[in-house]
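Sequential numbering of the sequence shown, starting at 650, is according to our numbering.
Don't read these hints as lab results, they were simulated from the structure. Glycine included, each C-beta is placed from N, C-alpha and C at the ideal position. Hints are not guaranteed to be accurate.
[Claimed, not checked] Derived lysine to any residue pairs resembling SDA-like cross-links, with alpha carbons at most 20 Å apart:
1. Lys-730 <-> Phe-744
2. Lys-777 <-> Arg-757
3. Lys-670 <-> Val-692
4. Lys-777 <-> Gly-759
5. Lys-777 <-> Gly-790
6. Lys-671 <-> Val-700
7. Lys-696 <-> Val-680
8. Lys-829 <-> Thr-808
9. Lys-696 <-> Glu-737
10. Lys-765 <-> Val-775
11. Lys-793 <-> Asp-770
12. Lys-670 <-> Ser-742
13. Lys-730 <-> Ala-695
14. Lys-793 <-> Val-747
15. Lys-765 <-> Lys-793
16. Lys-730 <-> Met-715
17. Lys-670 <-> Val-747
[What the hints assert, rightly or not] Estimated spans, in silico, between C-beta atoms of each pair:
18. Gly-697 <-> Asp-847: 43 to 49 Å
19. Met-826 <-> Thr-794: 23 to 29 Å
20. Met-715 <-> Thr-820: 27 to 33 Å
21. Thr-794 <-> Glu-737: 28 to 34 Å
22. Ser-669 <-> Asp-770: 48 to 54 Å
23. Tyr-816 <-> Pro-683: 37 to 43 Å
24. Glu-805 <-> Ser-669: 50 to 56 Å
25. Ala-721 <-> Val-680: 28 to 34 Å
26. Leu-806 <-> Ser-722: 46 to 52 Å
27. Gln-733 <-> Asp-847: 41 to 47 Å
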Amino acid sequence: AKSLDNTYITSPSRQFTSPSKKCVVINTVGVDRPGIVADVTRVVTAKGGNVGESHSQLLGGHFSLMMLVEIASPDIDVLHKQLQTDLEGMSTSCFDAVDPKKVEVCPRIGFAGQFKLSGADNPGIVHKLTSVLARNSLTIGNMKTSHEEAPFGGTELFTMEGRAVAYEPLTSTFDWMKIKEELQELGESLNCDVEFEDVTGSSIQN
């Protein structure tokens, strides 16, 4: 399915893994063109691979795809070489992944916050905001950034928005309102507007 921000997500509905097979992550990126996903899955299928979760994104004229694949262990190296030779113009890597059946892929979320920053661009602005989230034990669930021309004056505006989550158990000192205040103080120092709201009851894709 395709979301409004050009993100493609498939749910982890397939079952992994048989004893003779392993999970690998395929990551490919390059200039966007029709048929990239079809080309990748053609190679995977030809080598006996089975696609599980996948995530792709259009970014400034480039296309990025990350895909979890189950494949027989002896075929991993052959798959990687085939992807590198068959996907012209794409940079592709293939590495071992943890078996999803042996780990808790989606830990229970104790808190989810929706954040949005908008204002004049500043050097290090993404690092500064995400550092505040990290200091407060929040991890990025999803995020996107963009530039656009301001309605008046021709100034370029920077927008950054997404969701940050904290997994259970939350620490006794966790206070999302204090995090909101810290983010708003950061916004004031950068001459930007920063919003942060509790959306824990909403469905979140990690």
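Here is what the structure says about each hint:
Simply put, Lys-730 and Phe-744 have alpha-carbon atoms about 12 Å apart, close enough for the 20 Å limit, and the pair holds. Proposed proximity of Lys-777 and Arg-757 is contradicted: the alpha carbons are some 27 Å apart, above 20 Å. Taking the CA atoms of Lys-670 and Val-692, the gap is about 17 Å. The hint holds against a cut of 20 Å. Taken as a hint, the Lys-777 and Gly-759 pair is broken in the structure, with Cα atoms around 24 Å apart against an allowance of 20 Å.
Our distance criterion of 20 Å between C-alpha atoms is met by Lys-777 and Gly-790, whose separation comes to about 17 Å. Taking the CA atoms of Lys-671 and Val-700, the gap is near 12 Å; set against the 20 Å cutoff, the hint holds. Proximity of Lys-696 to Val-680 is assessed by CA-CA distance (about 25 Å); at most 20 Å being required, the pair is judged violated. Under the criterion of a C-alpha separation no larger than 20 Å, the hint pairing Lys-829 with Thr-808 is consistent with the structure, at around 17 Å.
Distance check on the hinted pair: Lys-696 and Glu-737 sit about 18 Å apart at the alpha-carbon level, within 20 Å; holds. Of the pairs offered as hints, the one joining Lys-765 and Val-775 holds, with about 11 Å between alpha carbons and a cut-off of 20 Å not exceeded. For a cut-off of 20 Å, the pair hint linking Lys-793 to Asp-770 stands: about 15 Å separates their Cα positions. Note on Lys-670 and Ser-742: the hinted pairing holds, with a Cα-Cα distance of about 19 Å set against a maximum of 20 Å.
Annotation: proposed proximity of Lys-730 to Ala-695 holds, straight-line Cα distance about 13 Å (limit 20 Å). Taken as a hint, the Lys-793 and Val-747 pair is broken in the structure, with Cα atoms around 27 Å apart against an allowance of 20 Å. Taken as a hint, the Lys-765 and Lys-793 pair is honoured in the structure, with Cα atoms around 10 Å apart against an allowance of 20 Å. For the proposed pair Lys-730 and Met-715, the alpha carbon gap of about 17 Å is at most 20 Å, so the pair holds.
Straight-line distance between C-alpha atoms of Lys-670 and Val-747 comes to about 12 Å, which keeps the hinted pair within the 20 Å bound. With their beta carbons about 46 Å apart, Gly-697 and Asp-847 fall inside the hinted range of 43 to 49 Å. Checked against the hint of 23 to 29 Å, the C-beta distance between Met-826 and Thr-794 comes to roughly 25 Å, which is consistent with it. The hinted window of 27 to 33 Å between Met-715 and Thr-820 holds, with their beta carbons roughly 31 Å apart.
Range check, Thr-794 to Glu-737: Cβ separation about 29 Å, and the 28 to 34 Å hint holds. In this structure, Ser-669 and Asp-770 meet the distance hint of 48 to 54 Å, their C-beta atoms being roughly 52 Å apart. Range check, Tyr-816 to Pro-683: about 39 Å between beta-carbon atoms, so the 37 to 43 Å window is met. At roughly 54 Å, the beta carbons of Glu-805 and Ser-669 sit within the given window of 50 to 56 Å.
For Ala-721 and Val-680, the hinted distance range of 28 to 34 Å is satisfied, since their beta carbons lie about 32 Å from each other. Checked against the hint of 46 to 52 Å, the C-beta distance between Leu-806 and Ser-722 comes to roughly 50 Å, which is consistent with it. Under the hint 41 to 47 Å, the C-beta atoms of Gln-733 and Asp-847, about 45 Å apart, fit the expected range.
Hint violations for this structure: numbers 2, 4, 7 and 14, all remaining hints satisfied.
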